[in-house]
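> Taken in order, these protein sequences are the chains called C and H.
Note that the working numbering numbers the first sequence so that position 63 is 63, with each residue one more than the last.
So the number in the working numbering is just where the residue sits in the second sequence, counting from 1, plus 1000.
Warning: the hint list may mix true and false statements.
[Stated by the list, open to error] Straight-line C-alpha distance at most 25 Å; calculated DMTMM-like pairs for lysine to aspartate or glutamate: (1) H:Lys1166 <-> C:Asp54; (2) H:Lys1155 <-> C:Glu274; (3) H:Lys1155 <-> H:Asp1077; (4) H:Lys1166 <-> H:Asp1077; (5) H:Lys1155 <-> C:Asp203; (6) H:Lys1166 <-> H:Asp1217; (7) H:Lys1155 <-> C:Asp54; (8) H:Lys1155 <-> C:Glu191; (9) H:Lys1166 <-> H:Asp1146; (10) H:Lys1155 <-> C:Glu198; (11) H:Lys1166 <-> H:Asp1176; (12) H:Lys1155 <-> C:Asp248.
No lab work stands behind these hints, which were simulated from the structure alone.
The model shown is predicted, which means the values in this text are computed figures rather than measured ones.
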Amino acid sequence: MDLKPVSLSADPQVQSWYEASARARLAGLLDAGSFAEFIGPEQRVMSPHLPLFDLPRAFDDGMVVGRGALDGRPILAAAQEGRFMGGAFGEIHGAKLVGLLRAALAETPAAVLILFDTGGVRLQEANAGETAIAEIMRAIAQVRAAGIPVIGLIGGRAGCYGGGGLIAGTCARLVVSEGGRISVSGPEVIETNRGAEEFDSRDRALVWRTMGGKHRRLLGGADAFVDDTIAAFRAAALAQIDRAPAFDLATLEAEQARLEARLDRFGDTRDATEIWGRLGINDPAAVPGLTTRDFDAVLAGLPEAPHDAR
Amino acid sequence: MTLAEILTSLFPDGHEVRVADGLISGHGPFGDGTLAVIGVDGNTPLGIEGACALAGHVLAVVRAGGDTPILVLVDSDSQRMSRRDELLGLNEYLAHLAKVLLLADAGGHPTVGLVYGHTAAGAFIATALATRVLAALPGAHPSVMDLPSVARVTKLPLETLQEMAKSTSVFAPGLDNMVQAGAVHAVLDPAQPLAPQIARLIAETPPGDGRDVLGRDRGGRQQAHAVAARVMREAAGH
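Can you make the complete structure from the sequences, with help from the hints?
And the structure:
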């Protein structure tokens, strides 16, 4: 992807999501001035564990949660700060999202939005982070079962890796940008365990086309592909709220069929370009360079739309 | 305990549980009814095909109706780490397996996990940690990541981490530490028949998620429950 610097701007129409902080994303995503944070940084609820490792702490532990409005509709939202510890899930970080999801059952907002930006579990507090991820997934299932859409927005610099990828897969709808990589094992993890011949983590083009937003959208792993602006994420989040599938047997039966079909159809492929070719894209090699508008046109021209039961 | 010993203890009158490619599936008589069984054996990494197959078994139990409990037996590696698994969307497959287990539990099929060997990272989250109540057998070794890998990522000397692990449970691998965090509810007694122990866990564990309370009471996660509760209070306007 094009990683040229984007100047910070107060105008969400042009402000890059990738470059923005968690708070700037929330401020631009939600109706102006509507966001009210729970356990704000002034309360200084920080990691009790990082000092053991001589690591600096953040007043919000890298997780911002609160309420706001989206086009006038009440929502609850959580945003990870990828610039603090890679947005990783620690005890406090994870518990804030658990609490927000549990609050959703009582508050019944129009949606819960999760702005992912994470490398996965924070290893310095691994057991707390891992357990929190399990609690978050259970809570998302309950919130969805109560009829409240849980929408994931992915386009941050840390991507959405490890347990973050599993949480994303639990959401009802996902919006991604070019920078929104979604994966369980990251490139470096695969290379460390299996060697550079299996995955060369320095091959950025390989990373983007294997884990990036366009591939996830084409494969059916995400529901909308958007430009890297806060305004684009806002419009897509709004559009997805009313398209969220129920969390029931019918949806998960459909997802089972979708995932089985994917294995049958693409299980023998080695590279994303082979998958894109089989989907009916005439020039797969050109996909990474397509603008969002041209990419959407390619999507619209495919013989079948990406399946979206999740 | 080995898988064969576990199955014999669970089902003294026989069972229909099979293992193929490291994946466990089947059922056996349990009380007046049946216990459905899925899982991963032999320290097998969990990849896209495995997760998909296990999820299919769970959905079949849900589709059949009734209140058959589901036991998830786990001796796995971590998630399968490969370019192909990630290319095809491993996060969706693992999340799908977790979701069907959560759906089953919410729909009247109590889910119980039993870790009897290793498990780690994404495979742990998608299987054992997606159950209502998670038990383990002595000698089980659940973890997020082994200490040599933690040393690589955190750039701390392995010796330092090994020393810290003796007094700090929150990052250290192993069963005792997962019990303290509240992730593992109970450690079973391998000298006693397993079926009544599993039945008791199902009967005594309400459907809600009490892991953060366990973590607080056991000292492994002292703040998680209080922080989650505080968010709920602020959301309610108190």
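> Decide, hint by hint, whether the structure agrees.
Hints versus structure:
Simply put, Lys1166 of chain H and Asp54 of chain C have alpha-carbon atoms about 18 Å apart, close enough for the 25 Å limit, and the pair holds. Restraint check: the Cα-Cα separation between Lys1155 of chain H and Glu274 of chain C comes to about 38 Å, which exceeds 25 Å; the hinted pair is violated. As the CA atoms of Lys1155 of chain H and Asp1077 of chain H are separated by approximately 24 Å, the hinted pair is consistent with the 25 Å bound. The hinted pair formed by Lys1166 of chain H and Asp1077 of chain H meets the criterion: a straight-line CA distance of about 24 Å does not exceed 25 Å.
For the given pair, Lys1155 of chain H sits about 23 Å from Asp203 of chain C by alpha-carbon distance, which is consistent with the 25 Å threshold. Taking the CA atoms of Lys1166 of chain H and Asp1217 of chain H, the gap is about 20 Å. The hint holds against a cut of 25 Å. Between the alpha carbons of Lys1155 of chain H and Asp54 of chain C the distance comes to roughly 12 Å, so the proposed pair stays at or under 25 Å and holds. A threshold of 25 Å between alpha carbons decides the hint, and for Lys1155 of chain H with Glu191 of chain C the separation of about 17 Å falls inside it, so the pair holds.
Straight-line distance between C-alpha atoms of Lys1166 of chain H and Asp1146 of chain H comes to about 14 Å, which keeps the hinted pair within the 25 Å bound. For the hint pairing Lys1155 of chain H with Glu198 of chain C, the CA-to-CA distance comes to about 24 Å; that is within 25 Å, so the pair holds. A threshold of 25 Å between alpha carbons decides the hint, and for Lys1166 of chain H with Asp1176 of chain H the separation of about 11 Å falls inside it, so the pair holds. Between the alpha carbons of Lys1155 of chain H and Asp248 of chain C the distance comes to roughly 44 Å, so the proposed pair goes past 25 Å and is violated.
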